[in-house]
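Quick note, the sequences are listed as chains A and B, same order.
Quick note: the first sequence uses numbering that gives the first Met the number 0, first residue 0, plus one each step.
Quick note: the second sequence uses numbering that gives the first Met the number 0, first residue 0, plus one each step.
Simulated from the structure, these hints should not be mistaken for lab results.
Check the hints yourself; a few may be wrong.
Covered stretches of chain A (chain B as the covering partner; in silico rule of three or more C-beta atoms under 8 Å from a C-beta of chain B) [to be verified]:
#1 272-284
#2 289-296
#3 407-420
As a list, the in silico DSBU-like pairs of lysine-lysine whose alpha-carbon atoms are at most 30 Å apart [claimed, not checked]:
#4 A:K289 <-> A:K417
#5 A:K289 <-> B:K125
#6 A:K368 <-> A:K254
#7 A:K289 <-> B:K139
#8 A:K192 <-> A:K179
#9 B:K125 <-> A:K310
#10 A:K269 <-> B:K125
#11 A:K383 <-> A:K179
#12 B:K189 <-> B:K179
#13 A:K280 <-> B:K139
A short list of chain A residues far from chain B (calculated; beta carbon distances all over 12 Å) [to be verified]:
#14 E97
#15 D167
#16 D232
#17 N362
#18 P385
#19 R396
We treat Cβ as the ideally placed atom computed from N, Cα and C, and that holds for glycine.
Here are the chains, one letter per residue:
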Amino acid sequence: MTPQARAHEEQAIEMANYPESIPTPTALTRRRFLAAGAVVGFGGFLAACSTSGSGATTAPSAAASAAPSGAPASAGAGASPSGKVAWANWTYYMDTDEEAKTFPTLDEFTKLHGITVEYSEVVDDNNSFFGQIRPALEANQPTGWDIVTLTDWMAQRLIRLGWTEELDLANMPDFTANLKDEYKGLAWDPDMKHHAPWQSGMTGLGYDVDVTGDLTSLDTLFTADPRWTGKVDYLSEMRDAVGLTMLKLGLDPEKPTTADNDAAIAEIQKAVDAGIVRDFKGNAYAEDLKSGDATLSMAWSGDMVQALVDKPSLRFTIADQGGMLWTDNSMIPKGASNKAGAELLLDYYYIPDVAALVTAYVNYLTPVKGVDAKLLEMDPEIAKNPLIFPPPDVVARLHVFGPLTEADEAYFNETFAKVTGVG
Amino acid sequence: MGGWLKRHRWVVPYALLAPGVLWLVLFYVYPGIQMFISSFWSGTLETGFTFSLSNWTNYPEALSASSEQFVRSILYAGAATILTFLIAYPLAYTIAFKGGRYKALLLFLVVAPFFTSFLLRTISWKILLADSGILLAPLKAIGILPPEFRLLAEPIAVVSGITYNFLPFMTLPIYVSLEKIDHRLVEAAKDLYAGPWRPGGAIAGIVLGGVLGGVLGYIFEYPVPIWAGVWGIAGGLIGWLFISESFTRITFPLSLPGVFAGSLLTFIPAMGDYVNAEFLGNPSTRMIGNVIQNKFLVQNDYPEASALSFILMAGIIVFVAIYARALGTEALTTGRG
Numbered sequence: 000m001t002p003q004a005r006a007h008e009e010q011a012i013e014m015a016n017y018p019e020s021i022p023t024p025t026a027l028t029r030r031r032f033l034a035a036g037a038v039v040g041f042g043g044f045l046a047a048c049s050t051s052g053s054g055a056t057t058a059p060s061a062a063a064s065a066a067p068s069g070a071p072a073s074a075g076a077g078a079s080p081s082g083k084v085a086w087a088n089w090t091y092y093m094d095t096d097e098e099a100k101t102f103p104t105l106d107e108f109t110k111l112h113g114i115t116v117e118y119s120e121v122v123d124d125n126n127s128f129f130g131q132i133r134p135a136l137e138a139n140q141p142t143g144w145d146i147v148t149l150t151d152w153m154a155q156r157l158i159r160l161g162w163t164e165e166l167d168l169a170n171m172p173d174f175t176a177n178l179k180d181e182y183k184g185l186a187w188d189p190d191m192k193h194h195a196p197w198q199s200g201m202t203g204l205g206y207d208v209d210v211t212g213d214l215t216s217l218d219t220l221f222t223a224d225p226r227w228t229g230k231v232d233y234l235s236e237m238r239d240a241v242g243l244t245m246l247k248l249g250l251d252p253e254k255p256t257t258a259d260n261d262a263a264i265a266e267i268q269k270a271v272d273a274g275i276v277r278d279f280k281g282n283a284y285a286e287d288l289k290s291g292d293a294t295l296s297m298a299w300s301g302d303m304v305q306a307l308v309d310k311p312s313l314r315f316t317i318a319d320q321g322g323m324l325w326t327d328n329s330m331i332p333k334g335a336s337n338k339a340g341a342e343l344l345l346d347y348y349y350i351p352d353v354a355a356l357v358t359a360y361v362n363y364l365t366p367v368k369g370v371d372a373k374l375l376e377m378d379p380e381i382a383k384n385p386l387i388f389p390p391p392d393v394v395a396r397l398h399v400f401g402p403l404t405e406a407d408e409a410y411f412n413e414t415f416a417k418v419t420g421v422g
Numbered sequence: 000m001g002g003w004l005k006r007h008r009w010v011v012p013y014a015l016l017a018p019g020v021l022w023l024v025l026f027y028v029y030p031g032i033q034m035f036i037s038s039f040w041s042g043t044l045e046t047g048f049t050f051s052l053s054n055w056t057n058y059p060e061a062l063s064a065s066s067e068q069f070v071r072s073i074l075y076a077g078a079a080t081i082l083t084f085l086i087a088y089p090l091a092y093t094i095a096f097k098g099g100r101y102k103a104l105l106l107f108l109v110v111a112p113f114f115t116s117f118l119l120r121t122i123s124w125k126i127l128l129a130d131s132g133i134l135l136a137p138l139k140a141i142g143i144l145p146p147e148f149r150l151l152a153e154p155i156a157v158v159s160g161i162t163y164n165f166l167p168f169m170t171l172p173i174y175v176s177l178e179k180i181d182h183r184l185v186e187a188a189k190d191l192y193a194g195p196w197r198p199g200g201a202i203a204g205i206v207l208g209g210v211l212g213g214v215l216g217y218i219f220e221y222p223v224p225i226w227a228g229v230w231g232i233a234g235g236l237i238g239w240l241f242i243s244e245s246f247t248r249i250t251f252p253l254s255l256p257g258v259f260a261g262s263l264l265t266f267i268p269a270m271g272d273y274v275n276a277e278f279l280g281n282p283s284t285r286m287i288g289n290v291i292q293n294k295f296l297v298q299n300d301y302p303e304a305s306a307l308s309f310i311l312m313a314g315i316i317v318f319v320a321i322y323a324r325a326l327g328t329e330a331l332t333t334g335r336g
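Could you put together the complete structure from these sequences and hints?
Written out as structure tokens, the structure reads:
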């Protein structure tokens with residue numbers, strides 16, 4: 000080998016063994032990597048400390064922003080509410096400006112009070128959402144939410160477990176004044192200290208009138224008939240399905256007993272075995288009704304208002320035996336960082352003008368007094384819609400599923416799981 | 000650092016493995032241990048859970064309560080794996096051997112549905128298979144099918160949904176192993192008179208097709224003799240026309256590693272699937288995934304849900320071990336069966 004070749008070879012070996020010796024101006028050495036990391040980290044530190052919004056009271060220390068303590072730093076008894084409120088709610092439950100993708104009433108609230116609302120439509124199932132917040136609540140940590148909106152029975156469970164903050168009703172004058180009477184005095188929160196109803200809905204019969212004709216009885220859900228056998232959807236929500244079945248059997252869902260539950264489950268099982276029931280569904284029953292895969296279903300009033308627009312032959316009715324009334328309730332979970340702001344926001348939605356705007360878009364039943372009068376001025380069509388403002392004789396036939404002990408709830412869920420095929 | 004590493008070269012492989020191992024430990028081993036411990040709990044959400052080794056009874060209880068869904072999951076996942084294999088193998092074969100310039104485009108088309116979410120793909124099948132949808136309405140209008148006939152809310156819809164969702168998982172590994180085959184081997188086989196297998200292929204096709212059709216008919220709850228007959232005839236035709244000795248002796252054995260990988264990638268997730276059964280099925284088509292979801296989220300029965308998850312995992316490991324043995328380990332690693 001020539002001396003030059005040998006020199007080249009040695010240089011190649013050198014470069015292979017000592018990569019840092021390769022003269023590249025932008026080599027990523029360990030020192031440079033750590034330096035860059037420090038710069039990025041410090042920048043992040045500064046960003047986390049920066050104030051956001053007017054009058055923010057976020058503690059300007061990285062430790063606090065990294066692990067917010069449960070202590071209500073900004074929610075002291077005498078502190079004026081400010082900062083931001085994080086709200087977890089269901090989809091299509093707030094008036095929305097479709098094009099601008101904003102929520103007009105929330106923006107109005109921010110203008111009035113200077114509090115930003117982080118509104119997230121992340122609740123699509125009571126149980127899944129409960130599964131998300133449970134670990135934090137069990138460990139006495141904040142969940143990151145100031146308001147969560149969940150259905151009656153889940154609200155009852157949260158309150159039973161002691162995982163909600165007590166509402167300071169002195170801060171909520173509109174709520175105290177305008178809540179409809181039928182929402183007061185519930186067994187699981189008689190003094191309205193832990194929850195504020197958001198919207199209510201009815202569970203009744205949904206059907207395609209072109210195929211089935213006018214239906215008025217819950218018996219239709221359990222009887223074979225060529226118009227709907229194999230095309231009936233039941234709700235996968237236990238309290239709605241079992242509740243309606245209890246009404247069909249003449250039992251009282253407001254005082255549910257295990258014996259009543261067994262009778263209802265047996266009735267449902269008969270219908271499933273006879274091939275009458277197509278499937279147990281959540282909101283998807285509306286798709287089935289629209290496509291014709293189902294001609295009769297247990298249905299929720301709010302969904303049907305929308306479905307009627309897409310398919311005019313659909314109808315919703317509360318049967319002669321009655322229907323279920325359920326409510327989604329807003330609560331402040333324990334450890335919420337802005338309790339005062341949350342109370343202010345909840346109270347804001349009990350002003351009839353604001354509640355009317357929400358109902359006009361959402362099309363569910365409102366718990367606020369005076370909304371129907373407001374809507375008669377703003378949008379008479381909605382005010383006269385019996386699915387949104389049911390007449391008194393229908394309201395008299397509505398029942399709220401009674402409270403259950405934990406043992407009973409487990410039993411009811413277990414028997415219902417068996418009949419839906421997952422038990 | 001460079002000098003130290005040079006002197007302690009043995010560290011390098013471990014250093015390279017470290018991120019992956021760390022990830023596995025944090026997100027697989029630790030939660031797995033957590034879940035195993037919780038399967039020995041008793042109690043409820045509100046009264047609290049207590050650990051006790053005497054709660055090993057959770058396992059036999061869970062297994063006997065959900066045995067129906069377990070068996071059904073095995074049948075559905077197995078059927079879906081076989082169906083994906085039947086669709087994916089010809090597809091991968093065509094792309095690998097006849098794709099030519101269009102290989103990349105065809106592979107892209109195979110994977111393209113994955114750009115949409117799993118949920119959307121399943122719901123799109125709901126629309127396609129609707130009772131008066133684009134598939135059934137014309138057939139009902141002509142009169143081939145009775146008006147009450149439905150594909151949705153039946154086992155066939157659930158298995159079809161699983162098949163569709165996992166097709167790329169089967170296609171791509173088979174394609175990769177077919178691509179690697181040296182074409183000269185096939186040429187050499189043909190030179191040695193390895194031609195079309197006609198009678199042998201037809202008989203193999205009839206038998207395999209008939210058995211498969213019968214099994215599928217049983218799973219889908221359709222008349223078994225008719226299904227066995229139709230699939231047997233179809234199998235015979237395919238065997239007569241397409242199967243050659245060079246395929247059975249050279250190509251197929253060389254592609255076994257891909258078939259093995261693809262069938263594992265299909266069968267294992269399909270066993271735990273719950274989305275297809277939820278959207279496309281009815282109460283009697285629920286799979287073990289639905290049971291675990293219900294027990295965990297609705298009933299808050301964490302001990303039993305964890306026990307079921309572990310039984311599912313153990314069952315899958317047993318299946319995979321038997322499958323690997325049956326295929327032969329040499330076939331998997333060297334490609335020579």
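Hints, one by one, checked against the model:
1. 272-284: holds (count 5)
2. 289-296: n = 3 at 8 Å, threshold three: holds.
3. 407-420: Holds, because 7 residues of the segment 407-420 of chain A bring their Cβ atoms closer than 8 Å to Cβ atoms of chain B.
4. A:K289 <-> A:K417: holds, 28 Å
5. A:K289 <-> B:K125: Answer holds: K289 of chain A to K125 of chain B is near 13 Å, not above 30 Å.
6. A:K368 <-> A:K254: holds, 27 Å
7. A:K289 <-> B:K139: With Cα atoms ~19 Å apart, K289 of chain A and K139 of chain B stay inside 30 Å; holds.
8. A:K192 <-> A:K179: holds, 15 Å
9. B:K125 <-> A:K310: Answer holds: K125 of chain B to K310 of chain A is near 18 Å, not above 30 Å.
10. A:K269 <-> B:K125: holds, 27 Å
11. A:K383 <-> A:K179: holds, 19 Å
12. B:K189 <-> B:K179: holds, 19 Å
13. A:K280 <-> B:K139: Distance of about 26 Å is within 30 Å: holds.
14. E97: holds, 21 Å
15. D167: holds, 27 Å
16. D232: violated, 10 Å
17. N362: Answer for N362 of chain A: holds, closest chain B Cβ roughly 24 Å.
18. P385: The claim stands: P385 of chain A keeps its Cβ more than 12 Å from every Cβ of chain B (closest is about 30 Å).
19. R396: For R396 of chain A, whose nearest Cβ neighbour in chain B is about 28 Å away, the distance exceeds 12 Å, so it holds.
Going through the hint list in order, the structure does not satisfy hint 16, though it satisfies all others.
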